[in-house]
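Trainee: All chains should be modelled from the sequences, with the hints used to inform the complete structure.
Chains as they are written, first to last, in the numbering used here: chain A, 2 to 128; chain B, 2 to 128; chain C, 2 to 128.
The hints are simulated quantities; they were obtained by calculation from the structure and are not laboratory data. This structure is a prediction, so every number in the text was calculated from the model and none was measured. There's no promise every hint is true.
Identical copies go unnamed one by one, so any copy, or any two together, can satisfy a pair.
Claimed, not checked - Here are the simulated EDC-like cross-link-like pairs (lysine to aspartate or glutamate), alpha carbons at most 16 Å apart as the crow flies:
no.: 1; residue 1: K33; residue 2: D97
no.: 2; residue 1: K33; residue 2: E93
no.: 3; residue 1: K96; residue 2: E41
Each chain, written out:
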Amino acid sequence: MEATVIITILALAQFILFGIQVGSMRARHEVKAPAVTGHEEFERMNRVHLNTMEQLVVLLPALWIHAQYANPLWGALIGLVYIVGRFVYRAEYLKDPTTRSLGFSMSFVPSVVLLIWVLVAMGLNMI
Amino acid sequence: MEATVIITILALAQFILFGIQVGSMRARHEVKAPAVTGHEEFERMNRVHLNTMEQLVVLLPALWIHAQYANPLWGALIGLVYIVGRFVYRAEYLKDPTTRSLGFSMSFVPSVVLLIWVLVAMGLNMI
Amino acid sequence: MEATVIITILALAQFILFGIQVGSMRARHEVKAPAVTGHEEFERMNRVHLNTMEQLVVLLPALWIHAQYANPLWGALIGLVYIVGRFVYRAEYLKDPTTRSLGFSMSFVPSVVLLIWVLVAMGLNMI
Chain A
2 MEATVIITIL
12 ALAQFILFGI
22 QVGSMRARHE
32 VKAPAVTGHE
42 EFERMNRVHL
52 NTMEQLVVLL
62 PALWIHAQYA
72 NPLWGALIGL
82 VYIVGRFVYR
92 AEYLKDPTTR
102 SLGFSMSFVP
112 SVVLLIWVLV
122 AMGLNMI
Chain B
2 MEATVIITIL
12 ALAQFILFGI
22 QVGSMRARHE
32 VKAPAVTGHE
42 EFERMNRVHL
52 NTMEQLVVLL
62 PALWIHAQYA
72 NPLWGALIGL
82 VYIVGRFVYR
92 AEYLKDPTTR
102 SLGFSMSFVP
112 SVVLLIWVLV
122 AMGLNMI
Chain C
2 MEATVIITIL
12 ALAQFILFGI
22 QVGSMRARHE
32 VKAPAVTGHE
42 EFERMNRVHL
52 NTMEQLVVLL
62 PALWIHAQYA
72 NPLWGALIGL
82 VYIVGRFVYR
92 AEYLKDPTTR
102 SLGFSMSFVP
112 SVVLLIWVLV
122 AMGLNMI
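Mentor: Shown next, in the form of structure tokens:
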């Protein structure tokens, strides 16, 4: 499970990093709280951060269930694809939001694969 | 715990489904990222999705703590009420946001019941 | 782990409380769903709630990994700082959003400390 812990910490650290970047863009572009609109670059980074939270709340339970019922090492590798995918998503979205599909897929598909793998593993276990 | 895993996967799959529906409404109504306003139906589905995330981050920890300290099978049944409640909430909200209270309660109350049950179970354990 | 469970339930209860307060401010200031803007006090409470979710999805995994690989009692104490910090953040933000840094730090630093502690504990374990 050590690999699962490491991937979890990396995914959380990435989410924390994105949050810090939202804060610094809020300061730089003088978007006064509680507003979340007013400057395009801030809005993009804010969306990257929120979308990462949406993905994270699926990835982490999927990763840990998979570690328990399937294969922690394969789970960690799939989790690594998610993390790289999030960085790709961030780069794409900040450059041009219409090009974000590769990064989105690279972090969305890993969670789906983990969940289906768990269902298959549990199904095989029952036979 | 198998029942806990199944409910977790169903709740995550439902959240993923709602996310896909937000994306397809964004495309259909041409709400360009990073905007999250501009078309009523998109805004409603986006709120359903975000509110589901708010509920999910309470339900999953509650479900797993309850499985550990109380009763996994009852927990899974209560989790099932949450999932049905979220579909009711979605249907209500898309039709008319002012009618969303039944679906909201059906997914909010289960988490509260699970958490109180854990506290009671832990209290009885100490006696 | 009982201390970990108690802190988890308290942090979830606090998040539920903030959610209820968002709902009651929505009603009081007549901000009609799905809108999330239109009244300053509502917007502030809504931001407090969302920011708390962002912090919560980091705290809970950090707390549980720490309980497993480091020290559950110290983890619970650090989690308590997070919970107090969130109430400070809420009070500051509602009064004046520009003064929210103390409460923010009090709930942000605990998660970072927990994660670094886990990494150090795992590193020492390998020696």
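Trainee: Does the structure break any of the earlier hints, and which numbers would those be?
Mentor: none
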